[in-house]
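Trainee: Next come the chains, spelled out residue by residue.
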Amino acid sequence: MFSYYLKLSWLSIKRTPMLTALMIVAIGLGIGVSMTVLTVNYMMDKDPIPSKSHQLFHVQLYTYGEGHRNNRMEDEFPYQLTYQDAMNIHRSEVPLRKTRSLSTGFSVIPEAADMPPFLKSARAIDHEFFSMFKVPFLFGGTWDAEVDQSPREVVIISKELNDQLFKGEDSVGRSINLATIEYTIVGVIDSWQPAPKFYDLNNGSFNDAESIFVPFSLLPIHEIPSWGNNNGWRSEKINTYQDKLASETMWNQYWVELPNEETKANYQQWLEGYIDEQQKIGRFQNKKAAASLKNVVQWMKVNQVVPSDNSILVWLSFMFLAVCMINTIGLLLAKFLKRAPEVGVRRALGASRSEIFIQHLVDVSLIGLLGGLVGLLLGQLGLMGVKHLYSSYSQLVHMDLTLILIAIGITLGSSVLAGLYPAWLICRTNPSVYLKIQ
Amino acid sequence: MLKMNNIKKVFRTDLVETHALRDFSLEVNEGEFVAVTGPSGSGKTTFLNITGMLETFNDGRYELDGKDVSKLNDNQRSKLRNEKIGFIFQSFNLIPDLNLFDNVDVPLRYRGFSAKERKRRIENALERVGLSARMKHLPSQLSGGQQQRVAIARTLAGEPLFLLADEPTGNLDSLMARQVMQLLEEINQQGTTIIMVTHDAELARRAQRNIHIVDGQVSDYQQLEPVLDVAEPKTITA
Numbered sequence: 001m002f003s004y005y006l007k008l009s010w011l012s013i014k015r016t017p018m019l020t021a022l023m024i025v026a027i028g029l030g031i032g033v034s035m036t037v038l039t040v041n042y043m044m045d046k047d048p049i050p051s052k053s054h055q056l057f058h059v060q061l062y063t064y065g066e067g068h069r070n071n072r073m074e075d076e077f078p079y080q081l082t083y084q085d086a087m088n089i090h091r092s093e094v095p096l097r098k099t100r101s102l103s104t105g106f107s108v109i110p111e112a113a114d115m116p117p118f119l120k121s122a123r124a125i126d127h128e129f130f131s132m133f134k135v136p137f138l139f140g141g142t143w144d145a146e147v148d149q150s151p152r153e154v155v156i157i158s159k160e161l162n163d164q165l166f167k168g169e170d171s172v173g174r175s176i177n178l179a180t181i182e183y184t185i186v187g188v189i190d191s192w193q194p195a196p197k198f199y200d201l202n203n204g205s206f207n208d209a210e211s212i213f214v215p216f217s218l219l220p221i222h223e224i225p226s227w228g229n230n231n232g233w234r235s236e237k238i239n240t241y242q243d244k245l246a247s248e249t250m251w252n253q254y255w256v257e258l259p260n261e262e263t264k265a266n267y268q269q270w271l272e273g274y275i276d277e278q279q280k281i282g283r284f285q286n287k288k289a290a291a292s293l294k295n296v297v298q299w300m301k302v303n304q305v306v307p308s309d310n311s312i313l314v315w316l317s318f319m320f321l322a323v324c325m326i327n328t329i330g331l332l333l334a335k336f337l338k339r340a341p342e343v344g345v346r347r348a349l350g351a352s353r354s355e356i357f358i359q360h361l362v363d364v365s366l367i368g369l370l371g372g373l374v375g376l377l378l379g380q381l382g383l384m385g386v387k388h389l390y391s392s393y394s395q396l397v398h399m400d401l402t403l404i405l406i407a408i409g410i411t412l413g414s415s416v417l418a419g420l421y422p423a424w425l426i427c428r429t430n431p432s433v434y435l436k437i438q
Numbered sequence: 439m440l441k442m443n444n445i446k447k448v449f450r451t452d453l454v455e456t457h458a459l460r461d462f463s464l465e466v467n468e469g470e471f472v473a474v475t476g477p478s479g480s481g482k483t484t485f486l487n488i489t490g491m492l493e494t495f496n497d498g499r500y501e502l503d504g505k506d507v508s509k510l511n512d513n514q515r516s517k518l519r520n521e522k523i524g525f526i527f528q529s530f531n532l533i534p535d536l537n538l539f540d541n542v543d544v545p546l547r548y549r550g551f552s553a554k555e556r557k558r559r560i561e562n563a564l565e566r567v568g569l570s571a572r573m574k575h576l577p578s579q580l581s582g583g584q585q586q587r588v589a590i591a592r593t594l595a596g597e598p599l600f601l602l603a604d605e606p607t608g609n610l611d612s613l614m615a616r617q618v619m620q621l622l623e624e625i626n627q628q629g630t631t632i633i634m635v636t637h638d639a640e641l642a643r644r645a646q647r648n649i650h651i652v653d654g655q656v657s658d659y660q661q662l663e664p665v666l667d668v669a670e671p672k673t674i675t676a
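Line by line, the protein sequences are chains A and B. Under this note's numbering, think of the first position of the first sequence as 1, with each following residue one higher. Under this note's numbering, think of the first position of the second sequence as 439, with each following residue one higher.
To be clear, the hints were calculated from the coordinates, so they are not data collected in a lab. Computed from a predicted structure; not experimentally measured. The beta-carbon is built from N, C-alpha and C at its ideal position, and this holds for glycine as well. Not one of these hints is a red herring.
In silico lysine-lysine, DSS-like type, Cα no more than 27 Å apart, as pairs:
id, chain 1, residue 1, chain 2, residue 2
1, A, Lys264, A, Lys46
2, A, Lys14, B, Lys574
3, A, Lys288, A, Lys237
4, A, Lys301, A, Lys52
5, A, Lys52, A, Lys159
6, B, Lys557, A, Lys7
7, A, Lys338, B, Lys574
8, A, Lys301, A, Lys197
9, B, Lys509, B, Lys446
10, A, Lys159, A, Lys134
11, B, Lys557, B, Lys574
12, A, Lys134, A, Lys294
13, A, Lys197, A, Lys52
14, A, Lys7, B, Lys554
15, A, Lys159, A, Lys46
16, B, Lys441, B, Lys505
17, A, Lys7, B, Lys574
18, B, Lys517, A, Lys338
19, A, Lys338, A, Lys14
20, A, Lys7, B, Lys517
21, A, Lys287, A, Lys264
22, B, Lys557, B, Lys517
23, B, Lys557, A, Lys14
24, A, Lys197, A, Lys159
Computed Cβ-Cβ distance ranges for the label pairs, DEER-style:
id, chain 1, residue 1, chain 2, residue 2, range
25, B, Gln579, A, Ile326, 36 to 42 Å
26, B, Asn511, A, Leu401, 42 to 48 Å
27, B, Leu576, A, Leu401, 41 to 47 Å
28, A, Asp400, B, Leu576, 42 to 48 Å
29, A, Ser354, B, Gly469, 30 to 36 Å
30, B, Asn443, A, Ile326, 46 to 52 Å
31, B, Asp452, A, Leu420, 24 to 30 Å
32, B, Ala553, A, Leu420, 27 to 33 Å
33, A, Leu425, B, Glu555, 32 to 38 Å
34, B, Gln579, A, Thr402, 49 to 55 Å
To be clear about the criterion: a stretch of chain A counts as covered by chain B if any three or more of its residues have a C-beta under 8 Å from a C-beta of chain B, and this derived list gives those stretches:
id, segment
35, 7 to 21
36, 344 to 350
37, 353 to 366
38, 425 to 435
Next up, chain A with everything else stripped away, as it sits in the complex:
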């Protein structure tokens, strides 16, 4: 019977094209708007590394002096670490993997004379960064572990930069001039744009991933500058790079991979021991001094990657969808009641109320589905608009299969909901009323 109902629905659409078109547009608008907002919200809130998000931890140490705190974080911990803390805690052997991290950048001086130098964002890290964050390689791989202790001018570049400088060829072994220093390329990573950029949320949650990755161990040698946030809390004279390395300014980040609860507890204990040790030499004098480990999901939450305004927008968009569906109910009533005489005939010929009810729900579902398709198209237009307005959201504004399925589900669900009353009303009508007057 389902195919018969579908056939009747199609005939019904052909019989009332204007009314049907109005309903499709109403549903399409509602779905388009709500899917645009929902997509941005969903992609912002999406776990960027689901297989490891509960094993990767961002390390925070409460290094502030008395009277200082980070007001933007609920537990008042600073976002970042000092260089000396990053160096010290890197001695721990408890984590399975670990990496220091700094947002930086270089002027890239191409070999080709006709190509002018240009600036590129970069990241100073340890070699385990790539395996921790599952960064795919196109050519080569990461540098040797010993480079993290004994620095060498090696570099890993992005596919995009490799395309720009080497026309996409395997550039491993070739050199690249970064701020007048020659670095040997050891790897080229494949396209990799985690959204949000969870490994550095306080330097632009939705910024593009860096194009250049150099060993963190090169920081003191080449005095690699910070391109990210530098959080100071006390007055210090910082005249030289060495002053900065020894200061209480927080400008480095630190990530560890702790595969289970036991390792996490051990590492937490190790950090507390480190704080005790530092207190003995006059640091960490605040009574709140402590260590905090936040996994990727927690880190995204405390950094409010999804602004609270977004939830309000999602609700508003669904309110708009509800208004569209209420309009659709009115149009459905008009469409169905116009068809009441036919229903009377069908009832006289043996159709039960439930058969009439189902037939009309199929009718509504087909209209809803067509409205959903229009909604998906409008949603894509909406996302293009978001992309145009906010370039930093470029990684977010695409609907994946899950979102498309959600859109279809919302469309069918809301259409059937909207169709329940008109379908119920039409199946309750007395057929004899229409048989005499048709």
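Following the hints, position chain B against chain A.
Mentor: Same frame as chain A, now just chain B:
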């Protein structure tokens, strides 16, 4: 076969209470051709609607083919209507955007027949009313008489025990009315019980029994000798 005892039907609004049928009792036997006459508003159509289970009644007992109709739910009533009853209306009541084949198909769909069985029945029924060559035509492409024959084919395809006809010739000219009447008589001769509401005294005279309704009650029964055009062909062509 069809037995109504003291059926009462009242239509109520906030201001008015209308007694459409009052203690209405009637028995119709298998194979009968009964004409129901009466003035406008006498309750003829209400009687027909209750007979076809399109209306409920307030009081009394109605048995159709041995089943107490008042005890059936909507699904059971719909099934019984679909299997045992066929309707013919004054205004034909064909579905305008379905072709003849699909119009005749409507009751068969709800019957749950296979596609093959439905096709066989539809073709036979349209053949029988002389419209097999116009299966793909829409009702609007036919004359009134032809449309009524499609409505009859729609009924015949289901092979009902009862055929309820409400002014079946009311919208037709005399020639077409005569053809339709001949077709009904032929169907009756083949065993289908027919109850026909009509204003036309001449048509009523052609039935075996004439029931006159006044103010929702049977006022008169007349057992008549059927007047049949036995020489008429069994298939009528357009």
